[in-house]
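Asks: Sequence:
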Amino acid sequence: MIVVDRNTTFIGSFNLDPRSVDINTEVGLLIDSPELAEQVIAYMNIGTRPSDSYRLELEKDDKDQARHATSRNSGTPV
Numbered sequence: 000m001i002v003v004d005r006n007t008t009f010i011g012s013f014n015l016d017p018r019s020v021d022i023n024t025e026v027g028l029l030i031d032s033p034e035l036a037e038q039v040i041a042y043m044n045i046g047t048r049p050s051d052s053y054r055l056e057l058e059k060d061d062k063d064q065a066r067h068a069t070s071r072n073s074g075t076p077v
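Reading the sequence shown from the start, the letters are residues 0 to 77 in numbering that gives the first Met the number 0.
For the record, the hints were derived by calculation from the structure and aren't laboratory data.
Please note: incorrect hints may appear among the correct ones.
Said to hold, decoys possible - Have a look at the derived ranges for each label pair, beta carbon to beta carbon:
# : residue 1 : residue 2 : range
1 : D21       : Y53       : 31 to 39 Å
2 : A41       : G11       : 17 to 25 Å
3 : T24       : S52       : 30 to 38 Å
4 : L15       : Y42       : 15 to 23 Å
5 : D16       : I40       : 21 to 29 Å
6 : G46       : L15       : 19 to 27 Å
7 : I22       : S50       : 33 to 41 Å
Values in this document were obtained by computation on a predicted structure and should not be read as measured data.
The beta-carbon is built from N, C-alpha and C at its ideal position, and this holds for glycine as well.
Please build the complete structure, drawing on both the sequences and the hints.
Replies: Laid out in structure tokens, this is it:
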């Protein structure tokens with residue numbers, strides 16, 4: 000999702016890279032709606048708060064390195 004000037008919202012699978020333009024089949028909607036733009040901004044502000052996010056870390060084990068995430072609230076692996 001991308002919001003431009005708190006007015007226009009793009010929602011879709013399109014990535015901003017040459018592969019998405021030339022090779023991949025992508026889809027997206029460009030919506031001119033200040034009301035929707037404000038709703039998307041509010042949704043993203045809540046969903047991306049550090050308190051609601053996971054912390055990614057690398058953990059070494061006997062064989063290799065593995066990626067895992069821990070909850071910021073409890074510190075337990077998820």
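Asks: Which constraints among the numbered hints does this structure fail? Numbers only, ascending.
Replies: none
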